[in-house]
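A.B. asks: Residue numbers (the numbering used here), protein chains in the order written: chain A, 1 to 462; chain B, 1 to 377; chain C, 1 to 526.
These are computed hints drawn from the structure, not numbers from a lab.
Please note that a few of the clues may not be correct.
Coverage of chain C stretches by chain B, computed from C-beta distances (three or more under 8 angstroms per stretch; other residues unrestricted) [stated by the list, open to error]: (1) 14-25; (2) 35-44; (3) 131-142.
Using 27 angstroms as the maximum straight-line C-alpha spacing, the simulated DSS-like pairs for lysine-lysine come out as follows [to be verified]: (4) C:K429 x A:K128; (5) A:K149 x A:K128; (6) C:K256 x A:K128.
Derived contacts from chain C toward chain B, CB cut-off under 7 angstroms, selection only [what the hints assert, rightly or not]: (7) L3; (8) I4; (9) T6; (10) L7; (11) M10; (12) S201; (13) N202; (14) L203; (15) Q206; (16) L379; (17) A382; (18) V395.
Positions of the beta carbon are idealized from the N, C-alpha and C atoms, including for glycine.
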Amino acid sequence: MTGTDCVDGGPGTAGAVHGDGPFDPSAAAARATDAILRDTLRGAHRGVVVDSPPGAGKSTLVVRAARELAAAGRPLMVVAQTNAQVDDLVDRLATADPDLPVGRLHSSDPHPYDPVLDAHPSVRASAKVADLAGLDIVVSTAAKWAHIKNVEPWRHAIVDEAYQMRSDALLAVAGLFERALFVGDPGQLDPFSVVGADQWAGLSYDPSASAVTTLLAHNPTLPQHRLPVSWRLPASAAPLVSDAFYPYTPFRSGTGHGERRLSFGVASDGSGPDRVLDEAAVSGWGLLELPARRTPRTDPEAVTAVAQVVRRLLDRGGASVSERSEEPVPLTADRIAVGTAHRDQAAAVRAALSGLGVRGVTVDTANRLQGREFDVTVVLHPLSGRPDATAFHLETGRLCVLASRHRHACVVVCRAGVAELLDEHPSTEPVQLGVTVKFPDGWEANHAVLSHLSEHRVPWRP
Amino acid sequence: MDARALAALAANPGCRRRALLDGAGIDKGALARALGSPASFGQSQFAIQRGHSFEARVTADRGEALVRLLHERLRDGSPAPAPGGVDAPDLTAAGPQGRTARTALALREATAAGRWAVLDHPMVSLDVAGSPAFLEPDAIVVHPDGSWSVVEIKSFPMVDGSADPAKVGAAARQSAVYALALEQVAARVGELKPDGEPGPDGGGAARTARVRHQVLLVCPKDFSNLPTAELVDVRKQLSVTRRQLTRLTRIEDIAAALPEGTTFDLRLADDGRTATRPVDELTDAVDAVDAAYAPECLAACELAVHCRARSRGAGAVESLGRGVRGELGGLTTVEAVLAAALETDAGPTGDPAVDALRRAAALRAEALAAPGAAVCR
Amino acid sequence: MSLITTLARMEAVRDGRARPVATVRHRHLSDRPLVFVPLTTAGEAGAPLGALVGTDRDAPRLLVVPQPRNRDLRFAFLAELAEETLPYLDSYADAVDLEERKETDPETGKKVPVQVELCADAPQLLVPSAAGVAFVRLLGRSMRFRRTADQDPDTPYPAPARVPLLGRWLTHYGERSRVPGSSLLLSLTELLGRHWATGQSNLEDQHLGSLLAWIDPPAGVTGPEAALRAESARDAGGQLLCPPAGPATDPAFDNKLLAPAIARYDAARAEVGGGVAGGEARLRLAENGLRELIASQLRPTWDALWHGVDLLRELPPGERVAERWKRDRWSFTGHRDRVRAGEPPQPKRDDAVTAAQKLAARETAQAQLEAQEALDDPLVMAGRRLAGEAFAGEVTEVEMAWSEAKVPRPRPLVTVVTEDRPQLAEQVKLYRVMADGRTQTGEFAGAHAPGALVVRLTGGMGRGKTPEPGSVPEPGDRTCWTLFEHAPRGGPELPDAESTPWTHGGPPEAVMPGPAPDPVTEEDYL
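Chain A on its own, in the form it takes in the complex (with noise of 0.2 angstroms):
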């Protein structure tokens, strides 16, 4: 947590997570968000922040904070860090009110922006912002903003995925807004430069800390709100994904335990893939695990089991019951995540799937992966088979992302050893002054949720 440890939600906030008597998530995240809107469209201050945990409903508090203001006749800017996230921003908007006139601002790059966005009569798209005037929501990237200069500030701003933003970056739009509603995950990866700034530890703007440091630092008093509820982990693993990364600001699950459940139409084979699948559709989670060794990064093995986990998943005839809908949903690909730490394990794992005739399963990096949500994600775990664990791999945010993208199960694929590697990691970070230490860290992070993985353990066996 950056910036709001202890602080036990703000004003109005929904404190009653551990209440007495049944929990009603409902009711609980109706309050936050309703404390949230008041807050935004008539409280006094200039900003209000809001934590939102995996799957809290982040996406449906911005396009519902977006329409009220809107509606309320104060236009305003949306930021959000990357195109894909505009895009898909300026989709929902612009689904939930087919008359809502949208702008999305665009680079002149060639292909600027999704093409589905064209299909939304009321959304206009242009590579300039005066083109875009006088429309009620105009929505862009961080990094495009800061290329407008001498407009009249709007009224209003939301700042999408604000934990995500750089601090410089904030610098460079906040000029823009008179006020803003900042929304995000705190728990995600923290955004980084690639040349030292540790001359600016410490300070309030340090420009390479995260957006909201930065604006809390600035203006301690500003609301903090945060979404009691993950409408996307299932009771199996919010509890664990809570503990292990939002210590200080625990939420819960949507749905009760039960009320999801996943089977298959094909009875297991013995392997291990099939045991470890039936361990998670079982219990949420399942560890498929490996003899120790040390490998290179794109482990030809532990790739193959990844591979095989997907592809027994597909066999079997997954099917799924939630909240959703009371009959069983087939377990299609594009409910399926496969999670890695870098880019070449990714990209051995796509062509390890397409050997199987594995088509249309997302593979990707923890980076990619986060604001995304899947039925079931089968993580290749960033320590398997490592000599050492780095900062890169024991970074907090990347195993909370890869642990907190599935609704029903995720099975993550390591190989044996891990708990040692961690208790022999040398700990001789260096500590910089005035820091507000993020906590926890990825070290005892990781030691909880293996901790958790081993009551799920299943030993590879092809």
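Since the structure of chain A is provided, determine the placement of chains B and C on it from the hints.
C.D. replies: Same frame as chain A, but now just chains B and C:
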């Protein structure tokens, strides 16, 4: 073991050799000299003098300046300590056990008193692998609310509010050891409430002892001799130290796996300094337990020069740095890597590490063969 | 570390000698650098003990602080350092070229071309190691806020006249050295480490003597033997044969030699103070003794540094090194102008906008450096190819094609056969250097077969319907395509400091009256 040695355990927790030698209280410096590979570090008397004089300056006025520094950093709106409002209990006692008991008593009294107190060079003990280690923090401050802060005084400067991050990190790890030891004291003090059980209306007695997880680091300000301070959050260091200490019990397991009769006795001559034990014999004894050498050891362990020679002799890739292992997969020696890389009758092997090495070797050879033809259009 | 560098280190282990990791020199080296080898007092992060400084390798100037606790002696050291350094810096200030630059006209708000001065060359400062660079920064920080008696007659402990000015220059050089690829202030260990891989670790390479021993060992000795000797061999008195000048001293030197020598000096001074007969002579003797001692610790490093310079000079400079040096010249010229305009010293900490600007500039510089080094050096490019960020191969087929625009433009499809495995996806942008030095753009258009990649050319072919002659590669040509831009540009301009937004604390305090001097006490060390 002192706090520095305990903190250093976390620097290379995979090293069984260091864990065993430290756990058994062996003088690694003397051992290294006897092995013919003395450590390359020592302390300059200038640095020592400077450290002492700065620390004396910081604690000169019975800790009042120290408490003022701490209070300024807390920024919690509490009233500043009045002049004369800081207790400085006498901690003199005989022997480490005596000093530890005296410290615990002083902590209990200060906590109950509900006033600021500074304990200058207290002594606390920490259970390490079954036996007590006695530790001497620079100071402990007891707050009026009954909480305790570890104070670490260092002589490296804080220039414009920032200091050498490596040194601050080392100080944080050392302080975490003290905080851990204090937590054990706090647990006992909680049990030993002088006048009955603390109750909801027990007044002053309701102040339960608690160790703060932010330590106060005091350093010289800029280029002056004036003290300045910052709070350092040591939660991370605490959790690592806690875990490493529980693993330390395994020293017995390491020892049990040694060949019968293994000893690190140097057989000192009558002068108490010269080792008479043959180097070969001593080398064999040291080699009986595995080391996890990496170049970082050179700055942290007296035995490192010896371990480096052994590691290089064995051609271990780690001798070039921990980082090189990442892409080498199962190849652990320089010889094996070069053999795999330079194997010419190509064809993919299916081992990505070997295939990547061969591509790397081929690309490197191509580039080196044609300098000048240099720029590739 | 890239696999190619790892391999080079292992070759070095095998050969007992460093191996190249560059085929050209990637940093500018001045014909007349100013070399600065400092020594500090242990336990006093900032207090100088002595230094060798100068541009003549055979005649360095020795500066010594015989008693580091004495403020007057420290000031004398700094004054001498300024005396040696400032004339060197000044000697580059007046030879200028005229360059045209666009500046915003304050009246019209339009960008208009103006003629500005650019120093024809810039002074270069060389230190032994990264710790030396840090020490330059620290000296700069400690000196630039000092007040001289001229500035403020009431200031306690006034500094010698030119000391604050030297502080500003050292600060500028220290700050510039954080910009990737800059060469105003360089350390030899970093320079050598950029061009050679030793058979030891990066950490061990921080010792200049040990690093040089691997690169150029004395005749008849292997690299590792020479390195071990440089690192740890001691004489009968227990003193290092190659003292580190790190700029920290060796504790054995401090305890056995330096401490007694300082004690002798102190005693002689006390005698002089007390009017003891012969005290003056003993003081001179003691001071000379100290000078010799300190020189003995500095001289090996001074010689090693020049040895390293010789080795580096044997490498031909990379093609784009001069382009980066030109930016250093701009940096030097800019600071010259600020000093001449009487601007106050650099503040203790950057404001929000300055910090963000510096970070952005350094990120751009880093991207440019990475691209330029790869284009200048096939060995660096080999690393990029291995990483999947570039590919090289022979053109086997060229198929003419045109865009579907109203005025069709040439979009030839070039097939390149390569053994490289670039991380490509459809429409990924590609770049190559053309024979005339310009950059041609293209995009990935699929693969005929594994290793037969098709590039659609999108630029560099002129304005006509048919490509200009020589602008399209022909079958049999060898081409090298990169996935990275060759001249990456920086981002948009940030707001002025006066427009710092509320999210970042608003505009910084209205015009600072010039930073206050540091507090000083009788016992301070710097």
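A.B. asks: Give a verdict on every hint.
C.D. replies: Tested hints:
A stretch counts as covered by a chain when three or more of its residues have a beta carbon under 8 angstroms from one of that chain; for the stretch 14-25 of chain C and chain B the count is 4, and the coverage holds. Counting residues of the stretch 35-44 of chain C whose beta carbon lies closer than 8 angstroms to any beta carbon of chain B gives 4, which meets the minimum of three for the stated coverage. Here's how the stretch 131-142 of chain C fares: 3 of its residues keep a CB closer than 8 angstroms to some CB of chain B, so the rule of at least three is met and the hint holds. Restraint check for K429 (chain C) and K128 (chain A): the C-alpha separation of about 24 angstroms stays at or below 27 angstroms, so the hint holds.
For the proposed pair K149 (chain A) and K128 (chain A), the alpha carbon gap of about 11 angstroms is at most 27 angstroms, so the pair holds. Between K256 (chain C) and K128 (chain A) the alpha-carbon distance is near 73 angstroms, which puts this suggested pair outside the 27 angstroms criterion. Satisfaction of the interface hint for L3 (chain C) is found here, the shortest Cβ-Cβ separation to chain B being roughly 4 angstroms, below the 7 angstroms cut-off. The beta carbon of I4 (chain C) comes within 5 angstroms of a beta carbon in chain B, closer than 7 angstroms, and the hint placing it at the interface holds.
Contact between T6 (chain C) and chain B, as hinted, is supported at the beta carbon level, the nearest pair being about 5 angstroms apart and thus within 7 angstroms. Hint on L7 (chain C) holds. Least Cβ distance to chain B is approximately 5 angstroms, under the 7 angstroms limit. Restraint check, M10 (chain C) versus chain B: the minimum CB separation of about 5 angstroms is within 7 angstroms; hint holds. Of the supplied interface hints, the one on S201 (chain C) holds, with its beta-carbon coming within about 4 angstroms of a beta-carbon of chain B, less than 7 angstroms.
Given hint, N202 (chain C) at the interface with chain B, holds; its Cβ is 6 angstroms from that chain's nearest Cβ, closer than 7 angstroms. Of the supplied interface hints, the one on L203 (chain C) holds, with its beta-carbon coming within about 4 angstroms of a beta-carbon of chain B, less than 7 angstroms. Because the smallest distance between the Cβ of Q206 (chain C) and any Cβ of chain B comes to about 10 angstroms, over 7 angstroms, the interface hint for this residue is violated. Look at L379 (chain C): its Cβ gets to within about 4 angstroms of chain B, closer than 7 angstroms, so that hint holds up.
The beta carbon of A382 (chain C) comes within 4 angstroms of a beta carbon in chain B, closer than 7 angstroms, and the hint placing it at the interface holds. Residue-level restraint check for V395 (chain C) is violated (minimum Cβ-Cβ distance to chain B is 11 angstroms; threshold 7 angstroms).
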